[in-house]
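For reference, the chains in residue letters:
Number of protein chains: 4
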Amino acid sequence: MNFASDNIVGASRPVLDALIAANGGAEPAYGADGPTRAVERRLAEIFERDCAVFLVATGTGANALALSALVPPYGCAVCHREAHVIDDECGAPEFFTGGAKLAGLPGVGAKLAPRTLAEWLASLSPSVKQMPPRALSISQATECGLVYTPGEVAALAEIAHGAGLKVHMDGARFANALVSLGVSPAEITWKAGVDVLTFGATKNGCLAAEALIVFDPALAEAMPWLRKRSGHTLSKGRLLGAQLQGYLANDHWLDNARHANAMAARLAEGVTALPGARLAFERQANELLPVLPRETAERLRAAGAMFHPWSEASLPEGERVAPHETLVRLVTSFATTEGEIDAFLAAARG
Amino acid sequence: MNFASDNIVGASRPVLDALIAANGGAEPAYGADGPTRAVERRLAEIFERDCAVFLVATGTGANALALSALVPPYGCAVCHREAHVIDDECGAPEFFTGGAKLAGLPGVGAKLAPRTLAEWLASLSPSVKQMPPRALSISQATECGLVYTPGEVAALAEIAHGAGLKVHMDGARFANALVSLGVSPAEITWKAGVDVLTFGATKNGCLAAEALIVFDPALAEAMPWLRKRSGHTLSKGRLLGAQLQGYLANDHWLDNARHANAMAARLAEGVTALPGARLAFERQANELLPVLPRETAERLRAAGAMFHPWSEASLPEGERVAPHETLVRLVTSFATTEGEIDAFLAAARG
Amino acid sequence: MNFASDNIVGASRPVLDALIAANGGAEPAYGADGPTRAVERRLAEIFERDCAVFLVATGTGANALALSALVPPYGCAVCHREAHVIDDECGAPEFFTGGAKLAGLPGVGAKLAPRTLAEWLASLSPSVKQMPPRALSISQATECGLVYTPGEVAALAEIAHGAGLKVHMDGARFANALVSLGVSPAEITWKAGVDVLTFGATKNGCLAAEALIVFDPALAEAMPWLRKRSGHTLSKGRLLGAQLQGYLANDHWLDNARHANAMAARLAEGVTALPGARLAFERQANELLPVLPRETAERLRAAGAMFHPWSEASLPEGERVAPHETLVRLVTSFATTEGEIDAFLAAARG
Amino acid sequence: MNFASDNIVGASRPVLDALIAANGGAEPAYGADGPTRAVERRLAEIFERDCAVFLVATGTGANALALSALVPPYGCAVCHREAHVIDDECGAPEFFTGGAKLAGLPGVGAKLAPRTLAEWLASLSPSVKQMPPRALSISQATECGLVYTPGEVAALAEIAHGAGLKVHMDGARFANALVSLGVSPAEITWKAGVDVLTFGATKNGCLAAEALIVFDPALAEAMPWLRKRSGHTLSKGRLLGAQLQGYLANDHWLDNARHANAMAARLAEGVTALPGARLAFERQANELLPVLPRETAERLRAAGAMFHPWSEASLPEGERVAPHETLVRLVTSFATTEGEIDAFLAAARG
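Protein chains in written order, with this note's numbering: chain A, 1 to 350; chain B, 1 to 350; chain C, 1 to 350; chain D, 1 to 350.
No lab work stands behind these hints: they were computed from the structure.
As the structure is a computational prediction, the values presented were derived from the model and not from experiment.
Possibly wrong hints are sitting among the right ones.
Since the list gives no way to pick out one identical chain from another, each pair is judged satisfied if it fits inside one copy or across any two copies.
[As the list claims (entries may be wrong)] DMTMM-like cross-link-like pairs, simulated, lysine to aspartate or glutamate; straight-line CA separation at most 25 angstroms:
id : residue 1 : residue 2
1  : K191      : D17
2  : K191      : E158
3  : K129      : E312
4  : K129      : E40
Excised from the complex, chain A in its bound form:
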């Protein structure tokens, strides 16, 4: 009954099998290996266009490299104030950019509204005292489990581009968002104005593999050096390439995401039926943020269930967590079973 996050399990079987299969024989080092080359081609197909692909082992590495390609050391990137890049990466974007600032804006469910972005941009002074905004970063799905539709991404991107900002999408849970939306990878990214994507795979079936996808080749020019000097160019690149081969083959990645989302739906249904429980936000991907009676939460923990309390900073207007209640986050993954969910719900009911 571990719903703490979707990074607590290992690799899914096809990913592990691909890793085993790619282990033998000699391959060129530093990302020139066959599996990595194959993944680059496969991602170009999946995204329906040429793109520059850089495989790395962590989402923090991918996000920070992305922002360092978009934002100069004297610039700033704007994101939601609960975004992973501003809150959970111990200053990786500041480090990789050489000192740029992240500006955090409010928004329900960790989701940025176009109007919020536009008003913030309008409020900035052109003075040299201020760090000029150069990138917008949005999380897909958000840290509260909500998804941006292609229209919402496009509205944000239009405002951003109009003010000279590039658009980064932190897709740590990209697959979960994608299958929730039922759109194509192209529609939710470059066709909607995304310039650089962190294509997450670790949480959805890999052990450690993310693809930094740069849709505008001009933005990728410095990336080989940026990645190398950050220590994120793996010596035996096949480790990354092979995982992603297994991940992308036969729509395995989409199957994993569909499973995780379905488990989240099942969990949501059960949780909302608990006495005194409700969801703070609609369940859209593989995360749900229920408000539980404290008593229920304690009963669950006593039974061995694992999950994190969550910040109340981005609740919808009117929603309030009472003193006898607690806001928590439950995350499902490709490996979550119906049995785990049923056990969790049984424990909740006591």
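We have chain A; now place chains B, C and D onto it with these hints.
Only chains B, C and D this time, still in chain A's reference frame:
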């Protein structure tokens, strides 16, 4: 016949098996997993003392993190002028330290002599114009395949410590050096004055795993944050922990290194028997740097053999590569077979 | 009628005279000159203790150097969200620290309340994902012209020190605050818990001179190199030393501040007598932030008066600027004359 | 008898007068003041073209800002191995660029030969392991007092531009070189291929004033922010503007340089007539590097003469400093008098 490097093969079987074995079940994220904890304990046993251990996926990451813990942004680290940290990491140490300088000194076989270090330290001005030296970094084995004895390390470390410098050992080929020397891990590191070790494992049997070992806990205080903000804290830490479990169990790492070294010895014997060929440096670990007739090198390449030409900057006094000759580097690994060596030698003979 | 800021005039006469007097003859370079040495001794007297003094030409340089001595690249500094260091220095603290973050907290009149600081510290997660707080920076006087009393500084410093943070005071308008409070320099700084002070002099009579004063010598160890590598070690150090000699001699600096504050008091009295005008905050030093009828502000601008509109983000509870009103900032200096004030008030009355 | 450097005196009279004249009245802050604007126009006239001008107080600041506009954090700048930027600025270029590397090449008299540059460029590997070269920095005059002719600059710049490098000239002693060469400012800079110039004025008559001149406007786009975040944008910009107004008016700067060079010529004549003394390099600007009998040098120091010993690393082929000799550097300035020189020579003769 690929002798280009020891990073062109995958994982050795016990390492891969350990990875497969550790794949199932839930584990805490970010390095709090069971396999990582077990490896930390195992390394403390192997090095016969408590030490702080930080697993990362690349040698560049480990080296740069190590130097960033030892050298302030306004300081400098001294190393051989062909050291990997100064020559092959695209400025990772400069990046991670926030702008420190690397000073490269000469030395036969990419090996630093105590006298060279002492004279350089004595030549420095105390002026604030100069970046003060704060760390010495040595490679074990060196980039030309030579090993430092415990006495040699101790002599360098004594000079370094006397001048206020900490000592880092880049052990990308630590196991190969160790079995070549026939000493204990403790004897060649902290007992000889090494403060921080990059314990390489990727080249000797893992896919991507290095252990940054800090012998003085005070030097490790900032490391959890330094690693996190560099994106080198893996979400599913078991990937690193499991590889190293397999690597360290049953002296597998030492067996791998012994095999690689034995293959290098066999190759050295055969190469020196080739007409017009000689070794530029004694073969001590798993690398050899022969001077070959250009004709021989061309014949080898034509037969499909892979290897790199090498810099002549650190040749022994008196050694000179004639116009009809070429200096190359041949590297063996745990996976090198006698058959490959025999085929290489046969091709060399034409 | 220029009340835009206190940096729009040149040097006061005694400062200029000292500069002229120190111009002749040879002096050692890089801060080893006689005037600089004399200033170091004088400041130790003024602050009643040994301290390390580093003269620089800009407040941004002094503040950023101060923070870089206190905060590691993976740490954060906390300040008011309208503090000069977070809002007006184009990322200088981020640059000098190598990527640290500034956290901005709310507070009426750009002044931090102890409770706000304590609650923020308590809210932080100990996770390695978060950048640990290492310094508190407060502005004396604040960006809205308010001063911290010794008791208020001590209350903040006690909380900060208790959580492992060092305390920086940005004293761009230190002299104005000092004479407003009627306390000694020691009482409002190190005796109240300040570890590092930016002793501003540019705004109060110099052309370009600030003293970075480090009360705890251990914190100053790296400063000579930090200053040198930032280009803030002047070749002809007498330029800074001489200005400060003139500034500090015969309590000239206090006289200048008293004059500026008196002019601000006179201006405040006149402004509050204007129809429809009121002060958003008490006038305590040499800045006042009146809410003016827009009509009045326009009349003033038309008459050639210069001043800046100001942010409404830190107004006292209950204070609101109506649509027909505007919040502006008026700053007086050592050079402000009664005539200017009378002319301004006359113009305001129309 | 102080020949230690040309930064040991204050400002020349016309510079000081200009500073005094500009002290009164209100001026906009941060470089928008009248004197600064006037200097920008004057420099455009002097250099016979539009250019972007940024005034700063130190040469280290100007050089580091220049390099940070030309070299990305993963790149490198090449210069002579005794260049001020690599040897005397405590890592300012590394700091401002965010971690770029400086590569130091050999050359007689601290002067780079085109062939040396070309061979170095040809030796570089295109591998991502190497930091790509992006700028050439040359000192005019060099650290050994030699000047580059327009033809020599053009030859270097052609090679640099051909390899994608921009060209920076560190003109700490630009005026001395200029009058030595008898060419126009345009001829020795942008017409010969210089992209960015540090136009030094501090050593030749100012107290603290350098102009960073960017001939290609595209390279200057980020400079306002780069300067601001480095703390080098002076609040009361007139301090810099006024000095340079006085410096540039009526060819005062050229007169100062001619005087310094003439004094150096007189000193050179006298020194070479001393028994056992000779110049290591031709005297071309305001520095001479004589080899003196140790006895002579000691006699001079005993008599109170001040000068620095100098590195023997860039001596001409065949030149050797014997054990009973010493290589020293003597620098003259606008303020050097014939009397000082005669006293120095008399003391040398004993």
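Verification of the supplied hints:
Proximity of K191 and D17 under a CA criterion of 25 angstroms is satisfied in neither setting, with 34 angstroms inside one chain copy and 43 angstroms between copies. In this assembly of identical chains, the alpha carbons of K191 and E158 lie at most 25 angstroms apart only when taken from the same copy (11 angstroms versus 43 angstroms across copies). Taking the shortest alpha-carbon separations for K129 and E312, only the inter-copy value of 19 angstroms comes in at or below 25 angstroms, while the best intra-copy value is 33 angstroms. Proximity of K129 to E40 under the C-alpha cut-off of 25 angstroms is restricted to the inter-copy arrangement: shortest distance 21 angstroms between copies versus 41 angstroms within a copy.
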